[in-house]
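Below are the chains, spelled out letter by letter.
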Amino acid sequence: MDKPNLFTVNVESKKGQELILITDEVKELVKQSKIKNGMCFLFNPHSTASLTINSYLDRNTQADLDSEIDRIIPTRVNFHHIFDTPTDASGHIKTSVIGSDLLFIIKDGELLLGKSQGIFFWEFDGPRDRNVIVKIIDC
Amino acid sequence: MSEMLKQILSLPDLISAQVPMLDRRVREAFTHKELLSIKEIVLTGCGDSYFAGLAARHFFQRVCNIPTRALPSLEASRYDLVDYKSQFPNNPLVMATSVTGKVVRTIETIKIAKEQNGLTIGITGNPEGPFAKACEKIIDCYLPPSPHCPGVRSYRMSLLVMYLLGIHLAEVKAIISQREAGVLRERLKETADQLTDTIKLSQEKAESLANTLKEVKYFVFIGDGPNYPTALFSAAKITEACGLIAVPQNTEEWAHLQYFESAFPDTPTFVISTKHRGYPRILELLEPMRRVGRRIIAVTSADCKELTSLADYVLPVNSAVDDLFSPIVYAAGGELFAAYLAEAVNATYFRENLENYKNFNNTIYTCELMLKSDIKKRD
Chain A
768 MDKPNLFTVN VESKKGQELI LITDEVKELV KQSKIKNGMC FLFNPHSTAS
818 LTINSYLDRN TQADLDSEID RIIPTRVNFH HIFDTPTDAS GHIKTSVIGS
868 DLLFIIKDGE LLLGKSQGIF FWEFDGPRDR NVIVKIIDC
Chain B
768 MSEMLKQILS LPDLISAQVP MLDRRVREAF THKELLSIKE IVLTGCGDSY
818 FAGLAARHFF QRVCNIPTRA LPSLEASRYD LVDYKSQFPN NPLVMATSVT
868 GKVVRTIETI KIAKEQNGLT IGITGNPEGP FAKACEKIID CYLPPSPHCP
918 GVRSYRMSLL VMYLLGIHLA EVKAIISQRE AGVLRERLKE TADQLTDTIK
968 LSQEKAESLA NTLKEVKYFV FIGDGPNYPT ALFSAAKITE ACGLIAVPQN
1018 TEEWAHLQYF ESAFPDTPTF VISTKHRGYP RILELLEPMR RVGRRIIAVT
1068 SADCKELTSL ADYVLPVNSA VDDLFSPIVY AAGGELFAAY LAEAVNATYF
1118 RENLENYKNF NNTIYTCELM LKSDIKKRD
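Chains A and B, in that order, give the protein sequences. Residue numbering for the first sequence is 768 to 906, as defined by my numbering. Residue numbering for the second sequence is 768 to 1146, as defined by my numbering.
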């Protein structure tokens, strides 16, 4: 029987903008896949949210990331995209700058992550119900 | 089946089909900068278009937290906007409705609003007409032509546009999240099913009631809040469809005026009420209404048990209707009754069969358009 290798992580954002740690959920899926050596590919199918890796040790790092992305890409009132809200418009730009996918190496059934590294789902236009698609490849 | 009835029965499909299209047009009408600059709103029009503004006014105040007034076009142009210039640019937002796109008084209102630096948007079924040309922005509400009858579809179109703009304005102002805005849009769409259910519940009753009351020449409709305009709209349908006298009244004002009428003690009095803010006052008025001999027709939902149990007749409304969007659904009772009454008394809509209406029909629409200087000259 084929090993299951395609999964979804459900994420419920509670704020307009926030970083949500999903490391444990991804590690659990790697375990469920029973794949010992391979790659883990994360894809975020949303256009106003991103995936990123950063330190999870100090919550202030996340606060800094949030305030810095706002400094680089502030929410303005003169975006061309007027269909939704100004925060939605800036969220689209933040998503393109930060990116929508991540790739990890799996060795001996474990994700190769640095000690302080966490996997974050970065909401830019919440609160919303989101999901992340996880593909685990044996190689 | 009469044309008016056909159009009433088409309303659920109309709402389901139009909400997504109108939503897109509304969202693309304004820049964020324009929406965020709105500090006050004037909703205006004539007849049903004015009633729609009265109904939607509450939504802008309660959900968008923006002071909003609804005025008939003549009041808006010659007595309100002309005397008042906002200290803020692009204010007030003047949202005017003219279904035909030719109503001179509403065009006048738009021109005065522009003279006073307001921001103007028109809701119209005639995007090439003079009204549309006068407005800075328009929401195209064109519907394929259908035989002339008292308007029921255009009233819902106007309401949908105003509610959708209110929802979008609230999300852009970050008063509600996009998720909450999505929920409100869904609830607005659900009025289609609620209307289907309401028509199913009340259609036969409206027909039977119309046959019972076909000798009556005078009707009263009362309501309050978002459904005071439902009383205005329902009464208008009786006059347009049947040529009879139908007086709309605010719930409270009935106690101060119609209560004293003694010419026709058994006047059919339509009490239009949700179970919200005005309901306790409605209940207080039922006893005096009965005491002076009125025949009470409740246009209400089954959960308003006190009202339904004291009424002589009930035109039932679906129980799940959201108070904010209730004018869309609560108008069904009155319009169904008007359509069936027109059949029962063999009336011709808008008296188009009578010579003195037919021959002079157009003269009432030939009127002078005044700009600010013309109006001020008359002071």
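Just so you know, these hints were derived from the structure itself, not from any lab. Only a predicted model underlies this, so the values are computations on that prediction, with no experimental measurement involved. For glycine and all other residues, C-beta sits at the position ideal for the given N, C-alpha and C. Keep in mind that the hints are not guaranteed to be accurate.
Unchecked claim - Derived DEER-like restraints, expressed as beta-carbon distance ranges:
1) A:L788 with B:K1072: 46 to 54 Å
2) A:N777 with B:S804: 46 to 54 Å
3) A:N777 with B:V950: 15 to 23 Å
4) B:E953 with A:I900: 23 to 31 Å
5) B:V950 with A:G876: 51 to 59 Å
What the hints assert, rightly or not - Beyond 10 Å from chain B on every Cβ pair, some chain A residues (computed):
6) G805
7) V844
8) I849
9) G893
### Query
So which hints don't hold here, by number, going up?
2, 5, 7, 8 and 9
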